[in-house]
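Single-letter residue listing:
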Amino acid sequence: MKHKITLIRRIVQWAAFLFLFYGALLWPKPVEIGMLPAPKPDKSQPKTSKYADNRILWVSSKAAIFDFSLPTLTCRFMSIGPLFLSCSLHWFSENITWLTSLRIVLPHLLLFFVLAFVLARFWCGWVCPLGAMQDVLNWIRKVLRLNPLIVSDGWNGFFAKTRQFLLYMSLVVSALIAIPAFGFEGANDALFLIYCQLCPARLIYPLFGGVKPCYYDFTNSITIFMTVLGWLFLAFFLVSLAVPRLWCRICAIGALVSYFNRGGLARLEKNSQKCTFCGACRRCCPVDISLVYQARDQRVVTDPKCVLCLRCVQECPEKDCLEAKLAGQTIAKS
Amino acid sequence: MEGGALGLSTGVYCLASCVPVMLPYVLTAGETGVRVAARGLGQFVAGRFLAYAVLASLALSFGPAIQSNPAAQKVAAVALLALAALMAVQGLVRNFPEVKVCAYLERHGAFRRYPLLAGTLAGLNVCPPLMLCFAAMLNSPNPGAAASLGVSFFAGTLVFLLPLPVFAPLAKRQGLRGAAEVAFLFCGLWYLVNGLVLLTR
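Quick note, the sequences are listed as chains A and B, same order.
Using this note's numbering, you'd call the opening residue of the first sequence number 1 and step up by one each time.
Using this note's numbering, you'd call the opening residue of the second sequence number 1 and step up by one each time.
By construction, these hints were calculated from the structure, which means they are not laboratory data.
Note that beta-carbon positions come from the ideal geometry of N, C-alpha and C, so glycine has one too.
Relax, there's no trap hidden among the hints.
Which residues of chain A face chain B? A partial, calculated answer using Cβ under 7 Å:
hint, residue
1, Gln164
2, Phe165
3, Ser221
4, Ile224
Bound-form chain B, shown alone (with noise of 0.2 Å):
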């Protein structure tokens, strides 16, 4: 329930931090349908679980302060990085289709698992709401409940991602579905600022 309640209450911040990089996709891979776009948002949603995961085991293990930790903020921003060059390749292929290299990477679905892979990229950053949460977990009496309060904080975060397949059939309008190809560079761009920023800080 606190954990829940916790997720709601700071989703915003993931709406902002991860509809960067979801609703370019929805908006190009939804033309064949909703299903499509729900089973990308599916693949990005297991990403960052398993990117939470891996988090909550570390702040548990080393306690609360990862954050602040140098180490953690130097693989938060090469994660960062990494994926800014995820969706500026995939903004690359899907712009200019008749390049070489981009209808070779086409071709071989060299992105198919792209949810998947930003939305572990995506979550391994670690954010206030996150913090919040891993503080809650280590207060907890067991590990059982610890467990229970980090999946219903993220059932929580879920809530804003959840209405994002129904923006796919917008794709059939041309101008957006092209609008949405080119987000993919900009939002590219706006995690590289990011990761370089958290880098050199």
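Bound conformation, chain A alone (with noise of 0.2 Å):
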């Protein structure tokens, strides 16, 4: 079957779905993990008004059932649950501004490193929530049968250094805010969580529990920055109707995933001998990467900005000539 890539993986994606958004149904209350010790704020550390009811980080007052993170985004503005506490992004912002100690944060740290080194970027294509919801817009633009928006590559180059702006921006102004002399104004209120202010998730994900998010909060400079900044993000999110997975192209969790697609377990192998070099690789990927198509000599193609959907794998119509593997077991080949 030809496309049988593509549908196991929209299979994974909305098993992956559903149990991360109603998967906390199934447990009466959150489970201990004597391994993973929660790190909690105490009373000498920063503090935040945000989760306050009606504030800009407020959804839902319920403790996770799994007092962890994952490497995708899974979120803690789940309203129903949250199953996992954030995703990893969310988790290092609050712990750095906490000053949690390495204690409580190494077993944390190498859950990330084995969860990242193992599937690296099959987090974004085969279990990411918000990547799947780019899928549907993507397949609604082929229902109303319109074409995709062409991105040049000097506009990748641009959204490939955005995301790698808002990986630093937001673990740099977590680490500034927990510097008291910098809590002026309320600043480290302000700009608590400053990533998960501005990713559209959080303004999406409580509207699958019925949960109406906090759009705006006008109350200063800083979150009068920080709503304009969110709905400019939600409009780009939107605009992946037009060009495929854009959102992933700025995503500062993918970009701090996508440092273990290259030395990773998950690689993308490519046979030079066998390529005709027709270029299916490169137009039926999603996220427009061309170096599986442009690598002559190349054997290993994984591109830090791949999302693993595997795709070009599918597409690619000479045989053995394209492999994805997982810890040197190939997984598919074309």
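Build the complex: two chains, separate frames, hints provided.
Right under this line is the structure:
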């Protein structure tokens, strides 16, 4: 069957979607995992009023069923549950600001490295609910018979730089607001979890539990800036209707996990001897990667931007030209 | 002494308002070395000093209440909007050099004086530490003492900006340099929002 990989991916994506959004209903109360101590802010650490009712970071007061994060856009703002605590970037940002002790951080850090090392950006292509939503938008575009917008290399380069900026910015700001002297005019409150304030998941995910998120906060110039940027990013996400996987191109969590696309256990390999350079891999790629097509003598062709959807493997007409491997084992080949 | 202490104690404010303007510059211009970044910082500081001198003379002439003066607020808002525009153009030129207008601007070195201009525009914003300084200057016994207090305040705030060129070698990392190029646009948007908030207040 020609579209076997995509079919399996869709099943995995939607199973993950349902599990992440509604899986919390399966457990009556949070599950204690002794190996992973839960970090909690103490009285001496910076606090935020943002979790208060109807503030920008408020959605649900419920505790997560599993008190750890995943390297994908599972989110604290999932209103039923949440099943997992948050995405990894949320977790890093929060604990950098809280200056959580290394004893508590290390097991979580280790878990993040293991999960990202093993699956790399399979998390983006196969698990991320926001990725699944973008695929739905893309499907709607096809149903409406609209042509996709072509994104030039210049814009793709700009997007790649933007996601790096968002990643660095969220980590640096999280560290800065931990410094008490930086707390003038409530900046450490207004900038708390800066990436979450901008991420479209915060505005979209609560809707799946029937909860209306806080769409704006005009308290001061920082919160106005965050609100405006949040709206711009939501609009950018919705442009995925015209450009496949547009948000994935600037997603900071994707940027964090992308370091494991090279050096991790997941990899895409190309046998250049068998390649006829027909360009099928380039045309089908949802994030416009040209490395797979262009590589001449390079065996490993996993680009950091690749979400490992394996469409190139599926569409490649040459037998055994492209192979997806996990821990050295072939999991799909053309 | 009093001015220096005031500058040192309130300098974090300057750090927060000036670093978004200068750090992207340092991280993008710094590829050629710390010296270029230091020269840029020198221009930025000179621009800021110029703006502070103008504001100080206005405050000494019309009293320390210039912050609450609507006309002064409008000037500060326009300065922020101009700074936002300057940063946006700088960001566009660096991110899209293949676009004709951007290529033209880059070729003609229209932004060689970015640090000086940015310093002047950022300095035109009357922040609370500056108001404290003006109030202290007004209480000085003579103009000489007031000027010395102003200069020492300025020197005190500088301590927080001086380490910036040290970050220039980081520009050799392509990912970081790219992030800094994008930072121009986001920081520009930050000043745009601030300018509009001030204008409509």
